[in-house]
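Each protein sequence line maps, in turn, to chains R and H.
The working numbering numbers the first residue of the first sequence as 3 and each following residue consecutively.
The working numbering numbers the first residue of the second sequence as 122 and each following residue consecutively.
Keep in mind that the hints are not guaranteed to be accurate.
Result set (SDA-like, lysine to any residue): computed pairs, CA atoms no more than 20 Å apart in a straight line [stated by the list, open to error]:
1) R:LYS169 with R:GLU87
2) R:LYS4 with R:ALA298
3) R:LYS133 with H:MET122
4) R:LYS24 with H:PRO335
5) R:LYS4 with H:ASP278
6) R:LYS319 with R:THR338
7) R:LYS133 with H:SER277
8) R:LYS133 with R:ALA165
9) R:LYS4 with R:ALA277
10) R:LYS246 with R:ASP193
11) R:LYS155 with H:SER277
12) R:LYS155 with R:LEU171
13) R:LYS4 with R:PRO311
14) R:LYS214 with R:ASP193
15) R:LYS133 with R:THR66
Which chain R residues stay away from chain H? Per the calculated CB distances, all over 12 Å, these [as the list claims (entries may be wrong)]:
16) ARG74
17) THR269
18) PRO340
Hints were generated in silico from the structure; no laboratory data involved.
Glycine residues also receive a C-beta, built at the ideal position from the N, C-alpha and C atoms.
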Amino acid sequence: MKFGLFHELATPRPFTPEVEAKVVHNALEQVRVADEVGFDTVWAVEHHFLEGYSHSSAPEVFLTACATQTERIRIGHGAVVCVREMNHPIRVAERAAMLDIISNGRLEFGTARSSTWTELGGFEADPDRTKQDWDEYVRAIPGMWTQERFSWKGNCFSMPERAVLPKPLQQPHPPMWVTVTSPGTELDAADRGLGCLGVSTGGVADQERRTKEYHRRIQLCDPIGQVNDRVATLNFMYCHEDLKTAANRGMSFLGLFGLLNSHLLFTREAYPTTAYQSLGGLSAPPSSKSGGNPGAEYGVPEGVCIGDPPAIIEAIKRWESVGVDQINFLVNACETLPQEQVLESLRFFAREVMPAFQEDAA
Amino acid sequence: MLVGTDDPQRLAVGAPEMRALDTEALELPGVVFLQALFEIESGAMCEMLPPALHPTLPPVAGIVAYDVPESPWGAFRIAQLRVQCRSGLRPRALLVAAVVDVPEVGAALAQRFGFRVAAGEVRLERAYDETRIEVATGGADALAGSLRGPMRIGESDTQFVSCMHPAQTPRGYRLVQVDTRHTVHRVERARFEVEAFDGAAWGEARIQPTLGLPGVVGLADLTLDPIRFLCRPDVMAFEGSESVDP
Numbered sequence: 003m004k005f006g007l008f009h010e011l012a013t014p015r016p017f018t019p020e021v022e023a024k025v026v027h028n029a030l031e032q033v034r035v036a037d038e039v040g041f042d043t044v045w046a047v048e049h050h051f052l053e054g055y056s057h058s059s060a061p062e063v064f065l066t067a068c069a070t071q072t073e074r075i076r077i078g079h080g081a082v083v084c085v086r087e088m089n090h091p092i093r094v095a096e097r098a099a100m101l102d103i104i105s106n107g108r109l110e111f112g113t114a115r116s117s118t119w120t121e122l123g124g125f126e127a128d129p130d131r132t133k134q135d136w137d138e139y140v141r142a143i144p145g146m147w148t149q150e151r152f153s154w155k156g157n158c159f160s161m162p163e164r165a166v167l168p169k170p171l172q173q174p175h176p177p178m179w180v181t182v183t184s185p186g187t188e189l190d191a192a193d194r195g196l197g198c199l200g201v202s203t204g205g206v207a208d209q210e211r212r213t214k215e216y217h218r219r220i221q222l223c224d225p226i227g228q229v230n231d232r233v234a235t236l237n238f239m240y241c242h243e244d245l246k247t248a249a250n251r252g253m254s255f256l257g258l259f260g261l262l263n264s265h266l267l268f269t270r271e272a273y274p275t276t277a278y279q280s281l282g283g284l285s286a287p288p289s290s291k292s293g294g295n296p297g298a299e300y301g302v303p304e305g306v307c308i309g310d311p312p313a314i315i316e317a318i319k320r321w322e323s324v325g326v327d328q329i330n331f332l333v334n335a336c337e338t339l340p341q342e343q344v345l346e347s348l349r350f351f352a353r354e355v356m357p358a359f360q361e362d363a364a
Numbered sequence: 122m123l124v125g126t127d128d129p130q131r132l133a134v135g136a137p138e139m140r141a142l143d144t145e146a147l148e149l150p151g152v153v154f155l156q157a158l159f160e161i162e163s164g165a166m167c168e169m170l171p172p173a174l175h176p177t178l179p180p181v182a183g184i185v186a187y188d189v190p191e192s193p194w195g196a197f198r199i200a201q202l203r204v205q206c207r208s209g210l211r212p213r214a215l216l217v218a219a220v221v222d223v224p225e226v227g228a229a230l231a232q233r234f235g236f237r238v239a240a241g242e243v244r245l246e247r248a249y250d251e252t253r254i255e256v257a258t259g260g261a262d263a264l265a266g267s268l269r270g271p272m273r274i275g276e277s278d279t280q281f282v283s284c285m286h287p288a289q290t291p292r293g294y295r296l297v298q299v300d301t302r303h304t305v306h307r308v309e310r311a312r313f314e315v316e317a318f319d320g321a322a323w324g325e326a327r328i329q330p331t332l333g334l335p336g337v338v339g340l341a342d343l344t345l346d347p348i349r350f351l352c353r354p355d356v357m358a359f360e361g362s363e364s365v366d367p
């Protein structure tokens, strides 16, 4: 089991330059500590116009800072929106390759198509064709990275033969992922040999069903590049020796993050189309009432990593048992928790929880 | 985060009176439905909502209209203006007003489901190339618009949200959650073009369309379900939601 940080850069109002700078610099400090104490990956999302919920509109810049301020943690560019109105595929490949070089070959490359009208509408993107765009991007980009000169004639973009430079450091190319929100995207991931980057916090049973099918199907895949068969999920984490204290603190930022998410106008609401079947973060959340959930009496939902070390270890083992390879954690939102509490939680988690999942722990 | 900041009592003025909450379902087969959303000016997005609700980003309002061929009161047409919003984590709409062309129907819908109703004219004209909607009430043209360039989409591709109706109920002044079920037989998506809109005629002059979104027109069997939930308008839904069942 691997552990990551997942940064949305959720920002409290008012959105003054000082407040936005504090969020970014606190996040960078969390990444430095995570690097020191043994977390495996830091991910930064790409979102636009999502007031409060996510101010991470230029993740490649944030992640470049992460890369230069750390030694070993992997750099998760996750996920780049692969939609023609938002990012040209050549620029996506160029930026990612440069980030791989600057990080000394630590890049994890995530792909997505955006799930909100807030974003797609802002760029006047056509929701009917985002899946088509994404599919073309993920087939083209490995070629840009691996071929000396590359040409393409497609539906979304075309280019005459050119050398797309620089090339990434990792060979043949950085591991590729796709974010999974809509039902069935895990199958798209499997068919293309892409890692499954969960970005919504669903229940364990749903994850088990999706992971089982993913692992069965990826054995038969026609890969677009080097196969990445890992499954990552998103979770919230606050770790404290006292379960009640952990629940009080952790649930405070989890609850706020959920409310900020509810402001978003999901594409399915605004743009009737077959291309978007999920209400994203407005879908039913997991229950806190499941049996065997130590944090249930404090309202911690099933499978959420908020609690004392035994409670968190139990939750992680449930995810591990259904085939999850990596859990990425949101560790704060809108500076709800003071930075020192976030850093304490990261260090405590590394000391008390991580050893239970080291490869030789069994 | 953003929350509604309107004085909850503002919406109580003229709110319909529901004498009972144990409403039976109302089944309306074979209705032509139209749902068209539009982005609106963001300046008043919080001021238009009571504290129980919070806005979407961007703020969005919508027209929902039905041409009903058959009901306990005969045929009628209704057009509603709603503001899309959230109640807790749930997608909802807040009913601003409805215009009904048969007064008897308006009175029944107000009493059974808390519709704030004004009498008026609702025209819904379907053609192969466009559907026109025109709504007039109180001597004003409340809406004129068209959905052009229809393209068939899947029966499950449209999202319908439950609507919160400010009403006087046996438990006091509440937001009444009205759940609708659409068994869709055919639906087309089309460009929504607003030709004329008068927010004041609907009772909310602060609603100003800025961008029409794709709308839908279709045929469905419509059910208004029995009332299940109420919400106090002055506090967030987590605190103020009430089940109708004792």
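- Task: Could you tell me which of the numbered hints above are not met by this structure, giving the numbers in increasing order?
- Result: Those not satisfied are hints 1, 2, 3, 4, 5, 6, 8, 9, 10, 11, 12, 15 and 17.
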